Amino acid sequence: MKIPRGRLMASGLGAMASLLLCACEVTGVGVEGSVGYDGGYYEPYGYDYGGWGAGYRVGPGRCCDHRDDHHDVGRGHAGRAPAYRPAPAGRSAPSIPSRSRSR
Amino acid sequence: MKCTHRRSLGLTSLMASVLILGGAALARAADFQLPALNSPPSSEHHPGKMIWADLVTPDLAAAEKFYGGLFGWTFQRIRAGEVNYAVAMLDGRPIGGIVEKAIPAGQHQQSAWLTFLATNDVEAGKKAAVSHGAKVLRDIKSYPLRGRQCVLSDPEGAVFALLASSSGDTPDYLPATGDWIWTSLHAKDAGAEAAFYQNLLGYDVFDQPSDDGLEHLILSTDNYARASANDLERDSARRHSHWLNFVRVENASDSAAKVVAMGGRVLVPPRADRHGGMLAVVADPAGAPIGLMEWSESDTKAEPK
Numbered sequence: 002m003k004i005p006r007g008r009l010m011a012s013g014l015g016a017m018a019s020l021l022l023c024a025c026e027v028t029g030v031g032v033e034g035s036v037g038y039d040g041g042y043y044e045p046y047g048y049d050y051g052g053w054g055a056g057y058r059v060g061p062g063r064c065c066d067h068r069d070d071h072h073d074v075g076r077g078h079a080g081r082a083p084a085y086r087p088a089p090a091g092r093s094a095p096s097i098p099s100r101s102r103s104r
Numbered sequence: 240m241k242c243t244h245r246r247s248l249g250l251t252s253l254m255a256s257v258l259i260l261g262g263a264a265l266a267r268a269a270d271f272q273l274p275a276l277n278s279p280p281s282s283e284h285h286p287g288k289m290i291w292a293d294l295v296t297p298d299l300a301a302a303e304k305f306y307g308g309l310f311g312w313t314f315q316r317i318r319a320g321e322v323n324y325a326v327a328m329l330d331g332r333p334i335g336g337i338v339e340k341a342i343p344a345g346q347h348q349q350s351a352w353l354t355f356l357a358t359n360d361v362e363a364g365k366k367a368a369v370s371h372g373a374k375v376l377r378d379i380k381s382y383p384l385r386g387r388q389c390v391l392s393d394p395e396g397a398v399f400a401l402l403a404s405s406s407g408d409t410p411d412y413l414p415a416t417g418d419w420i421w422t423s424l425h426a427k428d429a430g431a432e433a434a435f436y437q438n439l440l441g442y443d444v445f446d447q448p449s450d451d452g453l454e455h456l457i458l459s460t461d462n463y464a465r466a467s468a469n470d471l472e473r474d475s476a477r478r479h480s481h482w483l484n485f486v487r488v489e490n491a492s493d494s495a496a497k498v499v500a501m502g503g504r505v506l507v508p509p510r511a512d513r514h515g516g517m518l519a520v521v522a523d524p525a526g527a528p529i530g531l532m533e534w535s536e537s538d539t540k541a542e543p544k
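From first to last, the protein sequence lines are chains A and B. Note that my numbering has the first sequence beginning at 2, numbered continuously upward. Note that my numbering has the second sequence beginning at 240, numbered continuously upward.
I should point out that these hints are in silico values taken from the structure, not numbers from a laboratory. Take these hints with a grain of salt, some might be off.
To be verified - These stretches of chain A come out as covered by chain B in the derived footprint (C-beta under 8 Å, 3 or more residues):
hint, segment
1, 43-51
2, 83-97
Unchecked claim - Chain B stretches covered by chain A per the calculated footprint, using a threshold of three residues with CB under 8 Å from any CB of chain A:
hint, segment
3, 276-284
4, 300-311
5, 517-523
In this text the structure is predicted, and so the values were computed from the model without any measurement. Beta carbons are placed, not taken as given, at the ideal position from N, Cα and C, and that holds for glycine.
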């Protein structure tokens, strides 16, 4: 059976294109055609990133902060049971690592 | 006969074009190597730890000048195709990246830092995230030295990335001045969001006492605090769930003043936080928010009460 040369070449072309697509995946060439890193803008414009009230605390505590006895463990939102699994009652919130990096 | 010959010639030219274009793309991609997080590689793995951040900004040179002046970062430029990327270095270590990209006309989006959280398995993380309501913004991609990563938005729309580092995770040291020290999630329902990230990354979740009636939670792994999840202020009409990353500074007030002098803005003026040190939130000249946090050595050396 004789296969037309054109069809053979077209098949080869297809195989090569597939190979290139696979190579792109491995080397980090974006599938959208960009070469390299495809970072994008994800944050909408015009929203508040501040406006914190006086008691708004977001950082870690010092080593081994103990919970205030007046607060229930994992009290949840407005008295509801929390959606998360609270850490065991006997454990205190840890702090960040304290050992220094030797330079 | 003539027709067959012409078709053959056409196909040959097409194949050559594919090879040349593909080869050129691969050659350029080969030049674009995001650096390893740790060199030499670290044997530590800390799922849930913030291990990297990327800033997307319209003016790379301006961002380099701002962050170099503020934190003492130096930069290593990488160019690949139309992408300008700078690796931010602190004491010779890569700690983050800055991507230059024009904000598409007509799109109401702003420059921001993207938080990368460590995971051991990006595929499993993505699957778990999606099954709990997340959306995939950028699918999994491999960078040989850096690792595998994907960008997601959580159920409230806060954007974050998962990264399985090829060189292990940043070891658990007290971050040096100029390094990332903390990351906080600000959400409409911090409890629900904490549950989402707990399912994803295995955090222990600690409720923190607060005076403002809002929920503030500490998320930890390996018995270290990794992040916090906080209710957004309820009276803010323009609330938007987001992650916010903090850099350790010597003096938050001085750094905030420097930010203003260099064309940035102060979003949250310096104030004492839970650990007794000061923190502030500022925006760089392109509007990207970033936190400043003081941390004295004695803060972590304090013995448990």
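**Study point:** Hints violated by the structure (numbers, ascending)
**Key:** Hints 3, 4 are the ones this structure does not satisfy, whereas the remaining hints hold.
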